[in-house]
Amino acid sequence: EKNITLDSATGIELSCRLDSKYFHLKNLQMTWKRGNETIEHINKTENSWGIQLKILDNSKLGSYSCTLKGEEISAIFHLQVPKIEGKEKPIVSYEGDTAVMICKSFGYTPIAWTWYRTNGSEQIAINDSLLADKYVINSVSANVTHLKILKLTREDDGVYWCEAAFELGKSKGKLKLKILSFMVPLKPFLAIVAEVVILVTIIFLYEMYSKKKCAEDEKEFDQVEQL
Amino acid sequence: PSANVGRAPGPPDGGWGWAGVFGAFVSIGFAYAFPKGVAIFFKEIQGFFGTSYSEIAWVSSIMLATTYGAGPISSILVNRYGSRPVVIFGGLLCGIGMVSAAFCTSILQLYICVGFITGFGLALNLQPSVIIIGKYFLKRRPIANGLAMAGSPVMLCTLAPLNQFLFDNFGWRGSFLILGAILLNCCVAGALFRPIGAATALVKTQATEEGKDALKEEVTKDAMEMSNPTGVPMETKMEEEGGKDCCEKINKYLDFSLFKHRGFLIYLIGNVLMFLGFFAPIVFLAPYAKHIGIDEYSAAFLLSILAIVDMIARPTTGIIANSKWVRPRIQYFFSFAIAFNGACHLLCPLASGYTGLVIYSVFFGLAFGMVCAMLFETLMDLVGAARFTSAVGLVTIAECCTILLGPPIGGTLIDTFGDYKYMFIKCGAVMVLAGTFLFIMNYYNYRMLAKEEKERKAKEEDPKSVRTENEGRNNWNKETAQDGPELEPLREEQEGLKKEVNGT
Numbered sequence: 001e002k003n004i005t006l007d008s009a010t011g012i013e014l015s016c017r018l019d020s021k022y023f024h025l026k027n028l029q030m031t032w033k034r035g036n037e038t039i040e041h042i043n044k045t046e047n048s049w050g051i052q053l054k055i056l057d058n059s060k061l062g063s064y065s066c067t068l069k070g071e072e073i074s075a076i077f078h079l080q081v082p083k084i085e086g087k088e089k090p091i092v093s094y095e096g097d098t099a100v101m102i103c104k105s106f107g108y109t110p111i112a113w114t115w116y117r118t119n120g121s122e123q124i125a126i127n128d129s130l131l132a133d134k135y136v137i138n139s140v141s142a143n144v145t146h147l148k149i150l151k152l153t154r155e156d157d158g159v160y161w162c163e164a165a166f167e168l169g170k171s172k173g174k175l176k177l178k179i180l181s182f183m184v185p186l187k188p189f190l191a192i193v194a195e196v197v198i199l200v201t202i203i204f205l206y207e208m209y210s211k212k213k214c215a216e217d218e219k220e221f222d223q224v225e226q227l
Numbered sequence: 001p002s003a004n005v006g007r008a009p010g011p012p013d014g015g016w017g018w019a020g021v022f023g024a025f026v027s028i029g030f031a032y033a034f035p036k037g038v039a040i041f042f043k044e045i046q047g048f049f050g051t052s053y054s055e056i057a058w059v060s061s062i063m064l065a066t067t068y069g070a071g072p073i074s075s076i077l078v079n080r081y082g083s084r085p086v087v088i089f090g091g092l093l094c095g096i097g098m099v100s101a102a103f104c105t106s107i108l109q110l111y112i113c114v115g116f117i118t119g120f121g122l123a124l125n126l127q128p129s130v131i132i133i134g135k136y137f138l139k140r141r142p143i144a145n146g147l148a149m150a151g152s153p154v155m156l157c158t159l160a161p162l163n164q165f166l167f168d169n170f171g172w173r174g175s176f177l178i179l180g181a182i183l184l185n186c187c188v189a190g191a192l193f194r195p196i197g198a199a200t201a202l203v204k205t206q207a208t209e210e211g212k213d214a215l216k217e218e219v220t221k222d223a224m225e226m227s228n229p230t231g232v233p234m235e236t237k238m239e240e241e242g243g244k245d246c247c248e249k250i251n252k253y254l255d256f257s258l259f260k261h262r263g264f265l266i267y268l269i270g271n272v273l274m275f276l277g278f279f280a281p282i283v284f285l286a287p288y289a290k291h292i293g294i295d296e297y298s299a300a301f302l303l304s305i306l307a308i309v310d311m312i313a314r315p316t317t318g319i320i321a322n323s324k325w326v327r328p329r330i331q332y333f334f335s336f337a338i339a340f341n342g343a344c345h346l347l348c349p350l351a352s353g354y355t356g357l358v359i360y361s362v363f364f365g366l367a368f369g370m371v372c373a374m375l376f377e378t379l380m381d382l383v384g385a386a387r388f389t390s391a392v393g394l395v396t397i398a399e400c401c402t403i404l405l406g407p408p409i410g411g412t413l414i415d416t417f418g419d420y421k422y423m424f425i426k427c428g429a430v431m432v433l434a435g436t437f438l439f440i441m442n443y444y445n446y447r448m449l450a451k452e453e454k455e456r457k458a459k460e461e462d463p464k465s466v467r468t469e470n471e472g473r474n475n476w477n478k479e480t481a482q483d484g485p486e487l488e489p490l491r492e493e494q495e496g497l498k499k500e501v502n503g504t
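For the record, the sequence lines run as chains A and B. Residue 1 is where the first sequence starts when you use full-length UniProt numbering, and the numbers rise one by one after that. Residue 1 is where the second sequence starts when you use full-length UniProt numbering, and the numbers rise one by one after that.
Source of the hints: derived by calculation from the structure; they are not laboratory data. As the structure is a computational prediction, the values presented were derived from the model and not from experiment. Any given hint could be a false lead.
[Stated by the list, open to error] Once the Cα atoms are required to be at most 27 Å apart in a straight line, the calculated DSSO-like pairs of lysine-lysine come out as:
(1) K43/B / K178/A
(2) K176/A / K43/B
(3) K87/A / K290/B
(4) K43/B / K87/A
(5) K43/B / K174/A
Can you build the whole structure from these sequences, using the hints too?
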């Protein structure tokens, strides 16, 4: 199985080469298929069968497979648009703060970027000119896009999509935003501060106690000496 | 010991001292590991503020520079107030710095809060922790030093996953808030630094009757300072009685007369040279591994191996350095460790593949731990516990420059030649050079010390009566006074050591 990434219109040749262990088979025939559709015009050379494809739009992308007639051996080529990576772990931010979400395309430059917000089961495009004081979209470079969300509230929590448009199609990356209230980190903070205060107090009390004991012992010692 | 008024008690070498070692462990751990641990947040913060990576990396550099550069200030404060208040204040400062960093709205504010304030707080933690060990230990000091310095790799191993966990759950702002609270634990470490030396006040009252104001000032400072073991602490201050008043005043806070001390100068030059090549290999180990084709996780694992070996190496080195064969020649052991470190780096380019790098990491961790464990021990050995406070401040500010220069120079070498091996060769060469320099100079130093010992013995009659006699003190010259305290108790305890010192 092979994944081939294409971002713009191009001609491509796919070929399947037969391994030497199958040479003993008579009547070798290779078929090329895309889904259920069979492709004619196979270029056959000594041990390989190839097809020429002109990929001009999204409809030509997909999975192409070559199968050896009679046997179950096949190879699959997946022609696809470049994948966009989102973030697996949620981005954590706080109410009233700003969140910045970044999407990158590796190696291929998209024509345009669009951001979507998931509301229930729907995806709503984010229009930053409409809500300019809430969303700011800018691209540092053509391969990178930033979505800045200002004045975060609880409702901003959820899944966001960044979509890159290529000549041959679109590709999405998923990002999760998690909004916390400031009380959430405050609790461990106060717990640790309390622990510090308690430990310091214990240490100082122990010190005063052992000093007192030492002073008492010394007094006894001096008295003994005087005798 | 209170029965013998003429002889001040030596440092406890145990008892509450071990609690102090634990406190130093925590404090030193935070001071060294925290700047490295914060780097986990940088990627996110960089995206948040929309800055370049080098602008973010400045945060770490400022923090490191402040931690080392504020050394003299730390020393002055310890000379004046003692270790405990300084560490507690340092812990509070760290906490305040990180908590205010959680509310920062610009990269400049981050520089100030995380870089300066927290860095300064860490500086106030680092120096007193190292100093307090010298006050509590003499015979077992190398072990105590080794254990305390082991705090650095342990804290690093703990902080790295902890920071990642905090970041995943609380984002960078929440993490900074919680890290501020965690840094407050330095105050707990500081609370453990119980001042000692109240008993030595008995000896001091005799000296104050002399009537010399300068001496009185020196001596009361000494009583606060918790001086070194034998009863000759006054002598170390005596050398300043000939100097001007303002010089004495400055030297009271930060002992600049150390620059006339032969051992100190040797240590300073050797160490400044060494630090040029000390940290760069660690910084570039993971990138080098990725460069030769190793995947990210295995590359990170190399650093973990390094940290684990480091963790074990430090206390072990402390124990070895404490043994009676090594202790009198500890400077040689230190030079050997540095040269060994350099040899590792020189051989690194020969390592091929992952196995080679793993072996390199193991040896590097070992060498790194050995050097770090003895870093402050050797300074204490040369300078004596009384002047160590000022010495450590002066040394750290001198090291500050080379520490900051080391990785960027290495980076420039890598960028220029496109190959990591020149960086390793440079680091290895610098360290072998430093090790050799220290070895030769310390050989010379040991011989000079032995010669001065002989001269001193010829002049004095009874070491114990000097403390109560005025004349005896005046005859002692500066050099013997500083180094004598180091060697005397060891000599009195073990005959073998005595022969060693006089024989070289």
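Against the structure, the hints come out as follows:
1. Taking the CA atoms of K43/B and K178/A, the gap is about 18 Å. The hint holds against a cut of 27 Å.
2. Straight-line distance between C-alpha atoms of K176/A and K43/B comes to about 17 Å, which keeps the hinted pair within the 27 Å bound.
3. Restraint check: the Cα-Cα separation between K87/A and K290/B comes to about 23 Å, which is no more than 27 Å; the hinted pair holds.
4. Among the hinted pairs, K43/B with K87/A is consistent with the structure: their alpha-carbon atoms are about 13 Å apart, no more than 27 Å.
5. Distance check on the hinted pair: K43/B and K174/A sit about 19 Å apart at the alpha-carbon level, within 27 Å; holds.
Consistency note: the structure conflicts with none of the earlier hints.
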